[in-house]
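Chemist: Take a look at the letters that make up each chain.
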Amino acid sequence: MIGLNQANTWEGQVALESDVARLRRGDSQALESVMARYQHRLYRYLLRLSREPALAEDLFQQTWMRVAEKIRHYDPNRSFEAWLFSVARNLTIDHLRRYRPESLQEPGAGDEGGERRLAATGPSALDRVLEQERAAQVSGALAEMPVIYREVLSLRFEEEMKLEEIAEVLGTPISTVKTRLRRGLEAMRHQMETRFPSAGAW
Amino acid sequence: MSDTRDKKIGEHESLRELLSLAAADALSEAELHALEEHVAACSDCAAEMHTWQALAVGLKRLPTPQAPPLLVERTRVRMAARIAELAEQRTNHWVIAFLVLFAWAVTLGTWPIVRWFSDGLLSWLEWNFNQTWFGLATYAAVIWVTAGVAAAMLGLRKHREGRLV
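As you go down the protein sequences, you meet chains F and U in turn. Residues in the first sequence are numbered from 1 upward in steps of one, following our numbering. Residues in the second sequence are numbered from 1 upward in steps of one, following our numbering.
Warning: the hint list may mix true and false statements.
[Stated by the list, open to error] Pair by pair, the computed Cβ-Cβ distance ranges are:
no., chain 1, residue 1, chain 2, residue 2, range
1, U, R5, F, T172, 36 to 42 Å
2, U, K8, F, K70, 52 to 58 Å
3, F, E69, U, H159, 18 to 24 Å
4, F, P197, U, K8, 31 to 37 Å
5, F, R51, U, L156, 43 to 49 Å
6, U, E37, F, S139, 33 to 39 Å
7, U, H159, F, A54, 43 to 49 Å
8, U, A105, F, S103, 58 to 64 Å
9, F, S139, U, S28, 26 to 32 Å
10, U, E17, F, S18, 39 to 45 Å
11, U, W144, F, S175, 56 to 62 Å
12, F, S18, U, A137, 48 to 54 Å
[To be verified] Below 25 Å or equal to it, Euclidean Cα-Cα: the simulated SDA-like pairs (lysine to any residue) are:
no., chain 1, residue 1, chain 2, residue 2
13, F, K162, F, A82
14, F, K178, U, K158
15, F, K70, U, H38
16, F, K162, U, R61
17, U, K60, F, T179
18, F, K178, U, A47
19, F, K178, U, R76
20, F, K178, U, E85
21, U, K158, U, T146
22, F, K178, U, D44
23, U, K60, F, G171
24, F, K178, U, H38
25, F, K178, U, L62
26, F, K70, U, E88
27, U, K158, F, E69
28, F, K70, U, E85
29, U, K60, F, K70
30, F, K162, F, P146
31, U, K60, F, W10
32, U, K60, F, A136
33, U, K60, F, R134
34, U, K60, F, A36
35, U, K60, F, E158
36, U, K60, F, A167
37, F, K178, U, Q53
38, F, K162, U, Q53
39, U, K60, F, E159
40, U, K60, U, H50
Keep in mind the hints are simulated off the structure, nothing from the lab. C-beta atoms are modelled at their ideal positions from N, C-alpha and C, and glycine is treated no differently.
Could you build the full structure based on these sequences and the hints that come with them?
Modeler: Next comes the structure, spelled out in structure tokens:
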């Protein structure tokens, strides 16, 4: 991912800060550079949260319009990436809360089946499936996760954000991020094992 | 003896719960070190670790859906227009603030001239403050109403031309 590689180098970070500073001053020329860095990643994140391409596109536009309106209030001491994704997240959550409030419900502590799965030992069908890198199945399983797990898994594994940045995006403590990561991974594993229950010996 | 065994089982279970977070690279140095020591000695946890790591790799290797080019271009155009609009609004606010200050300066600056023509240069030193201040207030009100009507007409004209003032 070009945008991620650009942002991770020191030069990339300096260039980003310069572009953001120009954007804050109202320089629309900087817009193209900033969008090029984040367009695919932001779209991917919105698609993970919303699970609908049409909605993701709508939220994509709304996010950037909100950035245009709020960029002068952005604190340069914060991570721009975390700020951008928090804007996107807030818009998505507002939409889901209005039209799909049931999708925001957190599963009960014992619902994921993860604790049951932790007791399993030995090589599993899951290992064979994942070894064959069936990305489509992983993607499908991820799409079936509750949104609070989808977002933290996407931010950690796809956006490769640090825990502190994820906490900033979600507006929660780091401990909550870790809890959701753990539960999300357990739920993912359960989902994968449900999809491929008899591929091998248990 | 059974206390030691229970303690080891408890430690095993608590470390086992860290396996998924280890695959997410979300452990502290101390936690990771303790876990690595345990995994080196526990084949069950080593197998579990492998499974969690495989899941993590699967998540990292998910294909990245690309934002449609038309969507990006449309968004960029709208965003550029919005930035320009906001910049113009800010400029207008400063212009209005300047005009307000200028108007007050003109009002106060021309008041002595008006008084001089109407009632002599030093008449603004009269003790009858009601008349003096009433005159000033009336004069200011006339100027401000005139300016307000002119600004409203200008704004209406620009609005009809399709531009925001």
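Chemist: State for each hint whether it applies.
Modeler: Going through the hints against the structure:
{"no.": "1", "hint": "U:R5 x F:T172: 36 to 42 Å", "in the structure": "38 Å, holds"}
{"no.": "2", "hint": "U:K8 x F:K70: 52 to 58 Å", "in the structure": "54 Å, holds"}
{"no.": "3", "hint": "F:E69 x U:H159: 18 to 24 Å", "in the structure": "22 Å, holds"}
{"no.": "4", "hint": "F:P197 x U:K8: 31 to 37 Å", "in the structure": "32 Å, holds"}
{"no.": "5", "hint": "F:R51 x U:L156: 43 to 49 Å", "in the structure": "48 Å, holds"}
{"no.": "6", "hint": "U:E37 x F:S139: 33 to 39 Å", "in the structure": "35 Å, holds"}
{"no.": "7", "hint": "U:H159 x F:A54: 43 to 49 Å", "in the structure": "34 Å, violated"}
{"no.": "8", "hint": "U:A105 x F:S103: 58 to 64 Å", "in the structure": "60 Å, holds"}
{"no.": "9", "hint": "F:S139 x U:S28: 26 to 32 Å", "in the structure": "31 Å, holds"}
{"no.": "10", "hint": "U:E17 x F:S18: 39 to 45 Å", "in the structure": "44 Å, holds"}
{"no.": "11", "hint": "U:W144 x F:S175: 56 to 62 Å", "in the structure": "60 Å, holds"}
{"no.": "12", "hint": "F:S18 x U:A137: 48 to 54 Å", "in the structure": "53 Å, holds"}
{"no.": "13", "hint": "F:K162 x F:A82", "in the structure": "10 Å, holds"}
{"no.": "14", "hint": "F:K178 x U:K158", "in the structure": "56 Å, violated"}
{"no.": "15", "hint": "F:K70 x U:H38", "in the structure": "49 Å, violated"}
{"no.": "16", "hint": "F:K162 x U:R61", "in the structure": "18 Å, holds"}
{"no.": "17", "hint": "U:K60 x F:T179", "in the structure": "19 Å, holds"}
{"no.": "18", "hint": "F:K178 x U:A47", "in the structure": "22 Å, holds"}
{"no.": "19", "hint": "F:K178 x U:R76", "in the structure": "36 Å, violated"}
{"no.": "20", "hint": "F:K178 x U:E85", "in the structure": "42 Å, violated"}
{"no.": "21", "hint": "U:K158 x U:T146", "in the structure": "19 Å, holds"}
{"no.": "22", "hint": "F:K178 x U:D44", "in the structure": "23 Å, holds"}
{"no.": "23", "hint": "U:K60 x F:G171", "in the structure": "24 Å, holds"}
{"no.": "24", "hint": "F:K178 x U:H38", "in the structure": "21 Å, holds"}
{"no.": "25", "hint": "F:K178 x U:L62", "in the structure": "21 Å, holds"}
{"no.": "26", "hint": "F:K70 x U:E88", "in the structure": "16 Å, holds"}
{"no.": "27", "hint": "U:K158 x F:E69", "in the structure": "23 Å, holds"}
{"no.": "28", "hint": "F:K70 x U:E85", "in the structure": "13 Å, holds"}
{"no.": "29", "hint": "U:K60 x F:K70", "in the structure": "32 Å, violated"}
{"no.": "30", "hint": "F:K162 x F:P146", "in the structure": "21 Å, holds"}
{"no.": "31", "hint": "U:K60 x F:W10", "in the structure": "23 Å, holds"}
{"no.": "32", "hint": "U:K60 x F:A136", "in the structure": "13 Å, holds"}
{"no.": "33", "hint": "U:K60 x F:R134", "in the structure": "12 Å, holds"}
{"no.": "34", "hint": "U:K60 x F:A36", "in the structure": "21 Å, holds"}
{"no.": "35", "hint": "U:K60 x F:E158", "in the structure": "6 Å, holds"}
{"no.": "36", "hint": "U:K60 x F:A167", "in the structure": "20 Å, holds"}
{"no.": "37", "hint": "F:K178 x U:Q53", "in the structure": "16 Å, holds"}
{"no.": "38", "hint": "F:K162 x U:Q53", "in the structure": "18 Å, holds"}
{"no.": "39", "hint": "U:K60 x F:E159", "in the structure": "9 Å, holds"}
{"no.": "40", "hint": "U:K60 x U:H50", "in the structure": "15 Å, holds"}
When held up to the earlier numbered hints, the structure conflicts with 7, 14, 15, 19, 20 and 29 and fits the remainder.
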